[in-house]
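With numbering that gives the first Met the number 0 as the guide, the letters of the sequence shown map in order to residues 0 to 337.
No lab work stands behind these hints, which were simulated from the structure alone. There could be a bad hint or two in this list.
To be verified - Straight-line distance between alpha carbons at most 27 Å, and here's what the computed DSSO-like set of lysine-lysine pairs gives:
#1 K29 - K137
#2 K129 - K23
#3 K49 - K92
#4 K80 - K96
#5 K180 - K211
#6 K80 - K92
#7 K29 - K80
#8 K223 - K49
#9 K9 - K129
#10 K226 - K276
#11 K223 - K269
#12 K180 - K276
#13 K223 - K180
#14 K131 - K285
#15 K1 - K49
#16 K131 - K211
#17 K262 - K23
#18 K49 - K9
#19 K106 - K96
#20 K80 - K1
#21 K226 - K285
#22 K129 - K106
#23 K106 - K285
#24 K23 - K180
#25 K211 - K223
#26 K131 - K29
#27 K23 - K1
To be verified - Pair by pair, the computed Cβ-Cβ distance ranges are:
#28 D241 - P93: 17 to 27 Å
#29 I14 - D241: 42 to 52 Å
#30 I212 - R250: 44 to 54 Å
Heads up, the beta-carbon is just placed ideally off N, CA and C, and yes, glycines get one too.
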Amino acid sequence: MKATVYEGNKTFSVIEREIEAPSKGEVRIKVAYSGVCGTDVHIYHGMMDKRVNIPVTIGHEMSGIIDAIGEGVSDFSVGEKVVVRPLDDRGVKPSDKGFNHICEDLKFIGIDSPGSMQQYWNVPAFTLHKLKQETDLKLAALIEPLAVAVHDVRLSGLVAGETAVVLGGGPIGLLVALVAKETGADVIVSEVNENRILKARELGLNAVNPTKIDLIGYVQERTKGRKADVVFEVAGVQPALDVMTEIAGIRGRILMVAIHGQKREVDLFKFFWKELKLIGARVYEKEDYEKAITLITANELPFEEMITGVQPLSNIQQVFENIDNNPDGMKVLMDCQA
0 MKATVYEGNK
10 TFSVIEREIE
20 APSKGEVRIK
30 VAYSGVCGTD
40 VHIYHGMMDK
50 RVNIPVTIGH
60 EMSGIIDAIG
70 EGVSDFSVGE
80 KVVVRPLDDR
90 GVKPSDKGFN
100 HICEDLKFIG
110 IDSPGSMQQY
120 WNVPAFTLHK
130 LKQETDLKLA
140 ALIEPLAVAV
150 HDVRLSGLVA
160 GETAVVLGGG
170 PIGLLVALVA
180 KETGADVIVS
190 EVNENRILKA
200 RELGLNAVNP
210 TKIDLIGYVQ
220 ERTKGRKADV
230 VFEVAGVQPA
240 LDVMTEIAGI
250 RGRILMVAIH
260 GQKREVDLFK
270 FFWKELKLIG
280 ARVYEKEDYE
290 KAITLITANE
300 LPFEEMITGV
310 QPLSNIQQVF
320 ENIDNNPDGM
330 KVLMDCQA
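Sequences and hints are given; from them, build the entire structure.
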């Protein structure tokens, strides 16, 4: 079978590898599509070389069909469409308080162990979620990042009639905005990249450029002075942290979606003055995956517009180089059978 391998130094290769039988408790998936995630790009840039076991096959946003069943697996059948929730929580301890998705010894499949950018992939059966047979496998490759957005919106407590501001209009930011809008909230996306602003508007979202308008004044006017009930910080830059406490209204909730790899300045006085809440959000739980599957299966939101390209595995090096040169893109999928 064909498999991609990250070799370090911004280099991928495509190799032939033997198809392996699934071990006890595993299934083998014939991978249909594997999405390129921001984390995959970080790996490509060498930012995670101390974590990944080079050479390694990466990838965790995927869809596929069960091809073989290992010993002891009884809940799945060959031919079923599935996606993988790539969290290996077998190291869970009582001190993790039952929050397996963020347990101390969590292993992320596709980073800490081989991933989905290959034609066939053996994974623990407990990571699988079934899809309906009518589910579009191309759209299903969006379920993992969509589950991130579902988790973020769920933790925020956002309800119909509230105002949400999403700081950052990249793939996750726009998925958060779509899920937030689906709840019945009034959603504003703040993004500095004009092409991403256009994409957001194509998706039916209200998007503005904070370098061209007064975002604080815009939010205040739109909400008649109430400001935002929820702010999703998805940009991961200091200006977003500076403005998030300004646009949040009294008892507003701020969701920290972005990953900040260094200490940042935050105006804690605003938390005291307006009784704000800061909520951390990481990956997803089982219910978030099921909600994401429901949304993808219904296909009532413009998910297909999020896919900006589909490429065969043999083009993996070019795909990552193009992503580096084109920050405007949303989601590129690898066709793992092409």
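To see whether the hints hold, each was checked on the structure:
no. : hint                    : result
1   : K29 - K137              : holds, 14 Å
2   : K129 - K23              : holds, 19 Å
3   : K49 - K92               : holds, 25 Å
4   : K80 - K96               : violated, 32 Å
5   : K180 - K211             : holds, 24 Å
6   : K80 - K92               : violated, 32 Å
7   : K29 - K80               : holds, 10 Å
8   : K223 - K49              : violated, 50 Å
9   : K9 - K129               : violated, 34 Å
10  : K226 - K276             : holds, 15 Å
11  : K223 - K269             : holds, 20 Å
12  : K180 - K276             : holds, 21 Å
13  : K223 - K180             : holds, 19 Å
14  : K131 - K285             : holds, 17 Å
15  : K1 - K49                : holds, 26 Å
16  : K131 - K211             : violated, 45 Å
17  : K262 - K23              : violated, 43 Å
18  : K49 - K9                : holds, 14 Å
19  : K106 - K96              : holds, 17 Å
20  : K80 - K1                : holds, 21 Å
21  : K226 - K285             : violated, 32 Å
22  : K129 - K106             : holds, 22 Å
23  : K106 - K285             : holds, 16 Å
24  : K23 - K180              : violated, 43 Å
25  : K211 - K223             : holds, 21 Å
26  : K131 - K29              : holds, 16 Å
27  : K23 - K1                : holds, 24 Å
28  : D241 - P93: 17 to 27 Å  : violated, 40 Å
29  : I14 - D241: 42 to 52 Å  : holds, 46 Å
30  : I212 - R250: 44 to 54 Å : violated, 26 Å
Hints 4, 6, 8, 9, 16, 17, 21, 24, 28, 30 from the list above are not met by this structure, while the remaining hints are.
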